[in-house]
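Visitor: Protein sequences, first through last, are from chains F and Y. All letters in the first sequence, in the order written, are residues 52 to 487 by our numbering. All letters in the second sequence, in the order written, are residues 11 to 302 by our numbering.
Treat the hints with caution; some may be incorrect.
Said to hold, decoys possible - Using 30 Å as the maximum straight-line C-alpha spacing, the simulated DSS-like pairs for lysine-lysine come out as follows:
#1 Y:Lys-267 to F:Lys-462
#2 Y:Lys-57 to F:Lys-483
#3 Y:Lys-267 to F:Lys-94
#4 Y:Lys-267 to F:Lys-475
#5 F:Lys-108 to F:Lys-385
#6 F:Lys-483 to Y:Lys-267
#7 Y:Lys-267 to F:Lys-307
Stated by the list, open to error - So these bits of chain Y aren't anywhere near chain F, every CB distance computed over 10 Å:
#8 Met-11
#9 Glu-15
#10 Phe-101
#11 Val-109
#12 Gly-111
#13 Ile-123
#14 Phe-181
#15 Ile-184
#16 Gly-205
#17 Thr-207
#18 Arg-213
#19 Pro-218
#20 Ala-263
#21 Ile-290
These are calculated hints, taken from the structure and not from any lab test. Each residue gets a CB set at the ideal place from its N, CA and C atoms; glycine is no exception.
This is what each chain is made of:
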Amino acid sequence: MLRKSVFLVVVLVVLGLGFNAFAADKTIELNFISWSYGVETVKDNISKFEALYPNIKVSYSDFSWFDYHDIAVQRFLANTPTDVMYGSDHWLQEWAAANWIVPLEDYFPDFKNYEKEFAPYAVEGMTYQGKLYGLPYYADMVVFLYNKEMLKKAGFDNPPQTLDELVEQSKVLKEKGICKYPLALCFAKNEGQSIEIFTSLVYSFANGNMFDADLNPLFEKDGAVYKALKFLYEALNTYEILDPASLTWGEIDLVKSFGAGNHAFTFVNKYNLAELNNPAVTNLAGQFSIALFPGETHSCVGFVRFYCMTNMAVKRGKDVIDACGKFLNYFGGKTDGTYVVPKRWALEKGLGFAQLPLYDDPEVVNAINQWGNVDIEKEQAKLARAKQGMTPFYGTWDIFMREQIHKALLKEISIEDALSASAKYWNDLKQKFGKK
Amino acid sequence: MFMREQRFSYLLIFPAVALISIFTIYPLLYAVRTSLYDIVLSMPFMKPYVGVGNYQAVLGSYYFRGSLLNTLVYAGMSVCLVTLLGLGVSFLLNSPFRVSGVLRILILFPWAIPFVVSGVIWKWIFNSSYGVFNGLLYTLGIVDSYVSWLSHPFYAKLCLVTAHIWKEMPFASILFLAGLQAVPRELFDACRVDGGTSWSVFRYVIFPLLRPVLLVVVIYETMIGITTFDLVYVMTGGGPGDSTSLLSWYTYAETFKFLNLGKGAALSIILALLILAIIIGYIRVIRLEEVY
Numbered sequence: 052m053l054r055k056s057v058f059l060v061v062v063l064v065v066l067g068l069g070f071n072a073f074a075a076d077k078t079i080e081l082n083f084i085s086w087s088y089g090v091e092t093v094k095d096n097i098s099k100f101e102a103l104y105p106n107i108k109v110s111y112s113d114f115s116w117f118d119y120h121d122i123a124v125q126r127f128l129a130n131t132p133t134d135v136m137y138g139s140d141h142w143l144q145e146w147a148a149a150n151w152i153v154p155l156e157d158y159f160p161d162f163k164n165y166e167k168e169f170a171p172y173a174v175e176g177m178t179y180q181g182k183l184y185g186l187p188y189y190a191d192m193v194v195f196l197y198n199k200e201m202l203k204k205a206g207f208d209n210p211p212q213t214l215d216e217l218v219e220q221s222k223v224l225k226e227k228g229i230c231k232y233p234l235a236l237c238f239a240k241n242e243g244q245s246i247e248i249f250t251s252l253v254y255s256f257a258n259g260n261m262f263d264a265d266l267n268p269l270f271e272k273d274g275a276v277y278k279a280l281k282f283l284y285e286a287l288n289t290y291e292i293l294d295p296a297s298l299t300w301g302e303i304d305l306v307k308s309f310g311a312g313n314h315a316f317t318f319v320n321k322y323n324l325a326e327l328n329n330p331a332v333t334n335l336a337g338q339f340s341i342a343l344f345p346g347e348t349h350s351c352v353g354f355v356r357f358y359c360m361t362n363m364a365v366k367r368g369k370d371v372i373d374a375c376g377k378f379l380n381y382f383g384g385k386t387d388g389t390y391v392v393p394k395r396w397a398l399e400k401g402l403g404f405a406q407l408p409l410y411d412d413p414e415v416v417n418a419i420n421q422w423g424n425v426d427i428e429k430e431q432a433k434l435a436r437a438k439q440g441m442t443p444f445y446g447t448w449d450i451f452m453r454e455q456i457h458k459a460l461l462k463e464i465s466i467e468d469a470l471s472a473s474a475k476y477w478n479d480l481k482q483k484f485g486k487k
Numbered sequence: 011m012f013m014r015e016q017r018f019s020y021l022l023i024f025p026a027v028a029l030i031s032i033f034t035i036y037p038l039l040y041a042v043r044t045s046l047y048d049i050v051l052s053m054p055f056m057k058p059y060v061g062v063g064n065y066q067a068v069l070g071s072y073y074f075r076g077s078l079l080n081t082l083v084y085a086g087m088s089v090c091l092v093t094l095l096g097l098g099v100s101f102l103l104n105s106p107f108r109v110s111g112v113l114r115i116l117i118l119f120p121w122a123i124p125f126v127v128s129g130v131i132w133k134w135i136f137n138s139s140y141g142v143f144n145g146l147l148y149t150l151g152i153v154d155s156y157v158s159w160l161s162h163p164f165y166a167k168l169c170l171v172t173a174h175i176w177k178e179m180p181f182a183s184i185l186f187l188a189g190l191q192a193v194p195r196e197l198f199d200a201c202r203v204d205g206g207t208s209w210s211v212f213r214y215v216i217f218p219l220l221r222p223v224l225l226v227v228v229i230y231e232t233m234i235g236i237t238t239f240d241l242v243y244v245m246t247g248g249g250p251g252d253s254t255s256l257l258s259w260y261t262y263a264e265t266f267k268f269l270n271l272g273k274g275a276a277l278s279i280i281l282a283l284l285i286l287a288i289i290i291g292y293i294r295v296i297r298l299e300e301v302y
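Bound conformation, chain Y alone (with noise of 0.2 Å):
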């Protein structure tokens, strides 16, 4: 009986997997089969099998080193500021005064919008002749003249963090508060009674019970970090240099612009790999399983 209510219950999920198998497991196969070929489509009548050949190319290259160090800061600053930022917005939208409600609703707009939009605004804010935030730093008598913030390596990579918490911050707040609203009151004032602090409600109270959101925030953060490619290649396109050019900007360009699909799919695992990596990181780090 059981084992039928089982098989039965197979049955029921196989078509979902199975076309979620082919929308993904079969992409992701043949990503690692291409891998391991030689396959330059300026060279179309040779496809020799390399085995890790593509993938010893790719870590070896002139860019590899520099851009995975590129790709870490800007997702480390990015994921810590986000959260941070979310983290506190969340706090300020928990509490209760006339408009909140409004605010959660309005504050969801920049994650709405595409990457690729809200990398085209914020090239315009930061534009050297007619940009808003250099009109606003000379009328304020920051600056004697407008800067031109996208064309120097460090300002670059600042501008793009700045556009990427703008777009990505909204939905950290958004997870935040709905696990603020999921602690229970007693246990506040339990803390307050005992004669605890703000922060030692935060720290004893607040935080031990949001560690499940954070996890979260910070997988799905670190995996948007890590693999931006659409604000990278609107804002800068990689540059100036290759000052902002991330891993997932050369295995765009290894693809697409230098025809090398081995090494493109190469890279591409070797981004998941490591996306992998530090996710298994993250749930080790933050040990959900002490929380209750």
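Chain F with its partners taken away, still in its complex shape (with noise of 0.2 Å):
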């Protein structure tokens, strides 16, 4: 008997030494997707999180940022295994709303406490019916770069504040054999960021809106939403100094043939200024500077992309969901005090912060000026505005939209056509999904 009870604490103490060293050595994977960007960088950042969470192995999966978002949705469909990935705040009404990614404070009530320390239009893009989806990847802006020595040659000494002025820069360029096509843009129909130029654009009008307080199109004539397409229309075909190319480009091609010493001024994200301004990456490096919006307002579209976690990473189960949360705090949040990843993003590549604090990083602000202007750039964030319209339809009229702006800069519409279509298509979206 006592033989019997020896041998049964003996194999339960085994038992349980057994289950804790299993425990112990228990290994959670994360399923990690991005866009293609900064690569070799997001693989450094891994690696070094791995090493401060052991029992945490990320598998990271990246696809090009043309087809991340169709990507994404084919992943959720079909439920491949995606715990944690980028998103943006265009998609994030969408997303949310088929209960594709869930919001961030329900598991990790902490996170709230960012908000304070982020930029307005950064949290408003990361808010979907009053929660917090997402903690910034980055944040940036639309902003307004020019080619100071072109504009030397053709004998101004400051870039235009105006869009006018910006027209009559633009023709002497053209006139003096500077540049053929001044101005250049991404407007390829399948580039994202071609709503978002476009939207900066209306907003340097004053009461520059796209839609009002009840979602409502504000695309009647003489607005600013009109103004907009006009000023498109009239650079690309009244004074010819918008490159016809800008329909077919992404933002990398028109990144490499402004850098080329193609054109004087693009509208585009500012980070592109960082590569811009590296002689590793081109010749005319030093040559391209950032100006505030030309316009009546001066203001701009800014935007969020951010990290977010999946409802596939919350059926996993509890052990997965602390596994996101430390993911998520590492990549977004601070590890230390000090938000590490998102300061290396702005230190190595350019990108700019949701986090505010970061401005006040002498590191992070001499690395700004190296390729940019802090002051020029503190001062446009004040101006940035979130992007209006985000509804789980936005992404459906945006498409339509792009297509509408592209016939009307061809001439097989009228502007007043192309608006009054998006306008309709619009309201049909939204007593639909209304409707529902």
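Assembly of the complex is requested from the two constituent chains, each provided in isolation within its own frame, with the hints serving as guidance.
Guide: This is the structure in structure tokens:
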């Protein structure tokens, strides 16, 4: 009897030790996807994260920015393992409404405390139905870049402050043969940034809004939206200062052409300035500068791309949720009191950030001033506004709007007809989604 | 005895048929079923049955007429030019010259390249800043500056058709070549002896015997032309505007961009029925039974 009892105790102790050992060695695998930017930096960040949390392994995949949304949708539909991922403010409504991504504050209440340190347009871009869905990967603005050497050659000391000045300076650049098309944009039909650029133009006008507080489109004649499209139309067809190839260019094509000295002005995401002024990338490094967005208000679009957690991760259980929390906090939050990863992106790649305390970091300020101008950037950030109309059907309407803009620019339809059709389609979608 | 043999035959082919059914018939039936429901992924909790509502919505949509026209023009041009050029090249390859054997192999290379890669290649060729096509025209003095071909609605269509022909013509030429080589030489000789010209030989001897191959080529190329998606996606993204947005592009857009599975499925069924109708038309026009 005694022998049996001793034997039983020994078995239980051994089992207990074995279980603890098993639990201690249990590795959690997280599936992380992003679009293809700075992939080597992402992988290095992942290595550092894994070193900090040895029981978490991150399986990483990246996809082209052009295809990212559609690939993400396919992954959601097919339940392809995806726990944490990049998201964007213009997809948030759609993905949250479909219950593909989850509000972070429901699982990590402490994350809510970060909001007071984030730029307001970034918080707005990560919030759906009052809940925070992400921590910022980066936040940036659509800014105005110009080639200061070209302007000097043309006899201008300062960049244009208004769109009319931009047209006048462009005409001079063209007449003097400095460049054939002074203005270039990334307005390919499949370039998601094009609507952000167009919205920035709308914001640059006084009382510039795409929609009112009730999400009714403000596309009437002589409104800001009309004026923005008219500016583009005249730039392309009347003054011939806008490169027609802009209708086929994505961001990379634009930056290549601009960086090759083919154009004097562009509206593009600010982080591209770091690459343009990088001597390792372009021979014309140092010629490119940032200025306040030309217009009556100098306002522009500010946007945020963020890390989010999927419903698939939640279904995998508490351990995975905890691991996701650690991941999200490392990449978008603070480690030992510092925004380690966002700071690295700012220093190494010139990415903008939503985490405002980084503007007080001398290292970050010096890094920005190597290729940009932190004072102008800060001033522009104060004037930046989040995109309007963020709804589950914004993406559907966006495709239609891009087609209408193209058709108006190509003179297939009038500006009035393009905007009228876009407004009608918006209202039809609003009614359909509102009805349900 | 016969019944037993028949049953045994069915048993033998059953595994293959079952496998094919799982990967073709089941998805087709599922697509038809999906097309009868209003499934919008950003409204996951409501999937009402709408019957033919999706079909009506798609047929009455802002894009259907334009994209149908684009698709028919694109497919029409592609099929005609692939067929004609393929036939012409096959005659060349059928002629005895020194490197004809090697050329018959090399000519298949474009066909072996995936449409996506082909699209990237041709996008670079037509590029407005560094494209080879612009470089050639500029060097020859045909243009005085580089042209943005892909930003013009008409030229963008032509660029797509060019890329499509480059990709598909080799396969058509090989099929026609096989057909030409099956034509008995005696018939050529007999026609010539009767005083026939080259055109007579083609019209009365070669063409009738090539009809089966012609049918295969036009059916195959029509299917490819109407369902082309990857080339469009890579080269133009459906733009500028909607000038190169084919029905296949909108099928993709409805499903993955607009997140409307019901309409996407309805559009794909409509596309399949369109192809079926055209194929039936081909079979009637070409009238194979009159050949022999």
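Visitor: If a hint holds in the structure, say so; if it does not, say that too.
Guide: Going through the hints against the structure:
no. : hint                   : result
1   : Y:Lys-267 to F:Lys-462 : holds (26 Å)
2   : Y:Lys-57 to F:Lys-483  : holds (14 Å)
3   : Y:Lys-267 to F:Lys-94  : holds (29 Å)
4   : Y:Lys-267 to F:Lys-475 : holds (19 Å)
5   : F:Lys-108 to F:Lys-385 : holds (20 Å)
6   : F:Lys-483 to Y:Lys-267 : holds (17 Å)
7   : Y:Lys-267 to F:Lys-307 : holds (28 Å)
8   : Met-11                 : holds (50 Å)
9   : Glu-15                 : holds (44 Å)
10  : Phe-101                : holds (38 Å)
11  : Val-109                : holds (39 Å)
12  : Gly-111                : holds (41 Å)
13  : Ile-123                : holds (20 Å)
14  : Phe-181                : holds (28 Å)
15  : Ile-184                : holds (33 Å)
16  : Gly-205                : holds (56 Å)
17  : Thr-207                : holds (49 Å)
18  : Arg-213                : holds (44 Å)
19  : Pro-218                : holds (46 Å)
20  : Ala-263                : violated (6 Å)
21  : Ile-290                : holds (33 Å)
In the structure shown, a violation is registered for the earlier hint numbered 20 alone.
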